[in-house]
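S.K.: Sequence:
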Amino acid sequence: MTDRATEFVTILGSTGSVGENTLDVISGHPHLQVHALSANTNVEKLARQCRQFKPHYAVMVDEDSAEQLATLLADTDTEVLNGPAGLLQIVADTRVNMVMAAVVGAAGLDAALAAVRHGKKVLLANKESLVMAGDLFMRAVAESGAILLPIDSEHNAIFQCLPHQQATANGKGIDALGEVRRVILTASGGPFLHMSSSALRQVTPQQACKHPRWEMGRKISVDSATLMNKGLEFIEACFLFGLEPQRVEVLIHPQSVVHSLVEYVDGSMLAQLAAPDMRVPIAYGLAWPQRMTSGAASLDLAKIGSLEFFPPDLDRFPCLRLGMEAFKVGGTAPAILNAANECAVQAFLDERIGFSDIPRIIESVLAKIPCEAAASLAIIQAADQHARILGNELIAKAK
Numbered sequence: 084m085t086d087r088a089t090e091f092v093t094i095l096g097s098t099g100s101v102g103e104n105t106l107d108v109i110s111g112h113p114h115l116q117v118h119a120l121s122a123n124t125n126v127e128k129l130a131r132q133c134r135q136f137k138p139h140y141a142v143m144v145d146e147d148s149a150e151q152l153a154t155l156l157a158d159t160d161t162e163v164l165n166g167p168a169g170l171l172q173i174v175a176d177t178r179v180n181m182v183m184a185a186v187v188g189a190a191g192l193d194a195a196l197a198a199v200r201h202g203k204k205v206l207l208a209n210k211e212s213l214v215m216a217g218d219l220f221m222r223a224v225a226e227s228g229a230i231l232l233p234i235d236s237e238h239n240a241i242f243q244c245l246p247h248q249q250a251t252a253n254g255k256g257i258d259a260l261g262e263v264r265r266v267i268l269t270a271s272g273g274p275f276l277h278m279s280s281s282a283l284r285q286v287t288p289q290q291a292c293k294h295p296r297w298e299m300g301r302k303i304s305v306d307s308a309t310l311m312n313k314g315l316e317f318i319e320a321c322f323l324f325g326l327e328p329q330r331v332e333v334l335i336h337p338q339s340v341v342h343s344l345v346e347y348v349d350g351s352m353l354a355q356l357a358a359p360d361m362r363v364p365i366a367y368g369l370a371w372p373q374r375m376t377s378g379a380a381s382l383d384l385a386k387i388g389s390l391e392f393f394p395p396d397l398d399r400f401p402c403l404r405l406g407m408e409a410f411k412v413g414g415t416a417p418a419i420l421n422a423a424n425e426c427a428v429q430a431f432l433d434e435r436i437g438f439s440d441i442p443r444i445i446e447s448v449l450a451k452i453p454c455e456a457a458a459s460l461a462i463i464q465a466a467d468q469h470a471r472i473l474g475n476e477l478i479a480k481a482k
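All residue numbers in the sequence shown are consecutive under the working numbering, ending with 482.
Hints in this document: simulated from the structure, not taken from any laboratory. This structure is a prediction, so every number in the text was calculated from the model and none was measured. We put the CB at the ideal spot given by N, CA and C, even for glycine. A hint or two may mislead.
What the hints assert, rightly or not - Cβ-Cβ distance ranges computed for the label pairs, FRET-style:
(1) Ala479 to Asp86: 50 to 60 Å
(2) Glu127 to Ala479: 31 to 41 Å
(3) Ala88 to Glu226: 21 to 31 Å
(4) Gly388 to Arg200: 45 to 55 Å
(5) Glu298 to Tyr347: 25 to 35 Å
(6) Asp107 to Gly388: 22 to 32 Å
(7) Gly437 to Glu298: 20 to 30 Å
(8) Glu298 to Val348: 12 to 22 Å
(9) Glu127 to Pro394: 38 to 48 Å
What the hints assert, rightly or not - With a Cα cut of at most 30 Å, we get these calculated BS3-like pairs of lysine-lysine:
(10) Lys386 to Lys293
(11) Lys480 to Lys293
(12) Lys480 to Lys386
(13) Lys302 to Lys128
(14) Lys451 to Lys386
Using the sequences plus the hints, can you model the full thing?
M.R.: Here you go:
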């Protein structure tokens, strides 16, 4: 490989699983330099990352945590910033080439959108940005000249299988090409794939967080267990690739080897295969339009032996159905869905509601809040807050 020019990377959410994997990939490539790191409250982990990677800036969203971090890093050259203003500063910096948007949940929207508006190469691992504000987000990509690369393994797989990736990365969608019939998102099915509805009511947070294939944070692990993660990814795929919902399908694929597929109008179907390791899509995003090593193991197809695919059970896993329906309703419905889900998942992790209460809470919130056109960020954020207030009220009554 020829020498590459130095590129500076800002990582939003560096203490989460995607952030840690991004740093692992970067550590094997000297041309990639960490410009800034951010976290919410995990002071000790961020301090360790700063000492290893020596970023110019470190941002703690929580002000008290920022003060603690500043004390821990007083003998270094890393400048500690705090709050939303700090996040906006590190994505707007003219020295930054790439921004990894890996903050979990709605909290990552503002900074990810700011990175797009500043024309950065944005590696999007925060699916909620598109779920909440898909039209606004993709319009900003097209208007700013930003490059948008999906990091969720499924959307990254679809992107790799698409023609004319430059157009897709610039937010122009794939409809105009007239070549793609449909895309297929694969789902592992989570830890409760074959569990009965009655048994699902008894599962614990500890069980829900033990994913059979992937190592992920607690919130996304629960989303995978309910299949809401796939519901959110369904919405993300429609926005990201400019597709009508009938051209996006979901298949359960327990081996998590085929990360997604694209079917073309001539009947050809292309798939991207790799070991279930987030370093693969992360390395692809960091190197795009080239490729580089990720540190992931090679795929041994002979050892795997066989690959299974079957349709999801929307009766046992209604969260996927709710995600699909929210996109079809449109407007603020996806933002309401996402907010209600975040509240319900947190309540489940806190053992305030049961596993099967999660979709019930979400569906109730969606039924009670009228949807409107998602014409501005203010409207979207107002719907988000309304859904959280109502969701928490319903959770309190469910105790």
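S.K.: Decide, hint by hint, whether the structure agrees.
M.R.: Evaluated hints:
| no. | hint | in the structure |
| --- | --- | --- |
| 1 | Ala479 to Asp86: 50 to 60 Å | holds (59 Å) |
| 2 | Glu127 to Ala479: 31 to 41 Å | holds (33 Å) |
| 3 | Ala88 to Glu226: 21 to 31 Å | holds (27 Å) |
| 4 | Gly388 to Arg200: 45 to 55 Å | holds (48 Å) |
| 5 | Glu298 to Tyr347: 25 to 35 Å | holds (34 Å) |
| 6 | Asp107 to Gly388: 22 to 32 Å | holds (29 Å) |
| 7 | Gly437 to Glu298: 20 to 30 Å | holds (25 Å) |
| 8 | Glu298 to Val348: 12 to 22 Å | violated (38 Å) |
| 9 | Glu127 to Pro394: 38 to 48 Å | holds (44 Å) |
| 10 | Lys386 to Lys293 | holds (23 Å) |
| 11 | Lys480 to Lys293 | holds (28 Å) |
| 12 | Lys480 to Lys386 | violated (50 Å) |
| 13 | Lys302 to Lys128 | holds (19 Å) |
| 14 | Lys451 to Lys386 | violated (50 Å) |
The structure shown violates the earlier hints numbered 8, 12 and 14.
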